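**Student:** Sequence:
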Amino acid sequence: NLTQHLDLSLNMVEEKKSTEVEYIDIDGDYLEGGGQILRNSSAYSSILQKPTVVRAIRARRANPGLATQHTKGLMLTKMITNAKTEGIKVKSGIIKFNPGVIENVEQEIAIGTAGAITLLVQSVLPVCIFGSKMAEISFNQGGTNVPWSPTSYSVANVLPRILAKMGIQYNYSVEREGVFPSGGGSASLAVVPCPKLLPITMDQPEVITKITGRLLICEQISKKDVEQIYDNLFNAIDKVAPAGASLDIKIEKFQNRKDWAACLSVVAESESEGVIFHGEDIFNPKRGPKKPVADITRALMPAVERLEKYLQDEICVDEHIQDQLIIFMALAHGTSRIRTCQLSDHTKTALFVAKQFLPDLQYEIENVPDKEAYFITVHGIGHTYNAASKEEAE
155 NLTQHLDLSL
165 NMVEEKKSTE
175 VEYIDIDGDY
185 LEGGGQILRN
195 SSAYSSILQK
205 PTVVRAIRAR
215 RANPGLATQH
225 TKGLMLTKMI
235 TNAKTEGIKV
245 KSGIIKFNPG
255 VIENVEQEIA
265 IGTAGAITLL
275 VQSVLPVCIF
285 GSKMAEISFN
295 QGGTNVPWSP
305 TSYSVANVLP
315 RILAKMGIQY
325 NYSVEREGVF
335 PSGGGSASLA
345 VVPCPKLLPI
355 TMDQPEVITK
365 ITGRLLICEQ
375 ISKKDVEQIY
385 DNLFNAIDKV
395 APAGASLDIK
405 IEKFQNRKDW
415 AACLSVVAES
425 ESEGVIFHGE
435 DIFNPKRGPK
445 KPVADITRAL
455 MPAVERLEKY
465 LQDEICVDEH
475 IQDQLIIFMA
485 LAHGTSRIRT
495 CQLSDHTKTA
505 LFVAKQFLPD
515 LQYEIENVPD
525 KEAYFITVHG
535 IGHTYNAASK
545 EEAE
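Heads up: the sequence shown begins at 155 in the working numbering, then just goes up one per residue.
Hint data in this document are derived by calculation from the structure and do not stem from the laboratory. In this text the structure is predicted, and so the values were computed from the model without any measurement. A virtual CB, placed ideally from N, CA and C, is assigned to each residue, including glycine. Each statement offered as a hint is correct.
Below, in silico cross-link-like pairs of lysine-lysine (DSS-like), each with a Cα-Cα straight-line distance of 30 Å or less:
#1 Lys378 x Lys445
#2 Lys404 x Lys440
#3 Lys444 x Lys407
#4 Lys444 x Lys377
FRET-style restraints, in silico, Cβ to Cβ:
#5 Ala318 x Leu185: 28 to 38 Å
#6 Ile248 x Glu427: 34 to 44 Å
#7 Glu526 x Asn389: 20 to 30 Å
#8 Val259 x Ser327: 11 to 21 Å
Please put together the full structure from these sequences, using the hints given.
**Tutor:** See below:
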């Protein structure tokens, strides 16, 4: 009887061990300790089917823990993957995320603040490409162009052309602009499944043949002031543009009587699209400018200065795209290599999170002689998502 009791106890212990969830533990306070850690961690967790716990979320920020935008991004990823979660609420300093199967069904999410819709796209785009069918997501009551996040112009016109080289197809469109502090913007995302990612190579400087872009500006600014702002920015772009490159910068006004905002996006590209990079900046004060022409021109000019610096250093991929590429390069079938500017903290964070989920991942960072440019080489693990394995495990 004692032997039977011991055998039963051992079996119960083994059964408990087999049902215990093993979480990949992520330090949410690493480097800048921002939302990039959350976006990448939930994406890798979903794609690799590895549960994760993120601790000390935004611990050094003035308002530590999850903000509304982070909460909504995690909730959306949860819906897409049928994940089991803990701690997804505003101000939470720790979350647990245990993904189920990626199911690309129609989703709709309302942010309710000026939180960046483009950062929610960053959260779910890598996940959606591994779904079994097209993903269609509607975003409402959020920010389409807000500080500290990619502009909608870059998400709609720059990133998709670069990711297309890896076999990824998606469409992002804005139905209504929303800026800080009111938000109220809406957009939609459609993602075609791509279970096998191709490696990307954008490491050879090429002649820039075209510069395009958009000046997006609120309707409160008078027509005369808009024309002067446009002329100031266009002339600055013309001065730094390579000889022979065509220029096409459009003006687009948007309706918003509550908030003051302007946004400049400038894209440089080669004829073969082997080089595509952009500069962008957002003017989004809490109250109207005293001198609209001078204030808005000054606020948006760094986008032109950034473009000039990229041209001088002959980069192929810019700072705002480099960090977004890391997860795709890590999962690709083959070695990817890009020539870019100095690595941002977002990119360093993306590499850190990649190594937590993929300890055997290999990558190299090399400085380009006599330039403030770098090669990032990532040897992709060749991941192919297998939903069946998750279902069998459960």
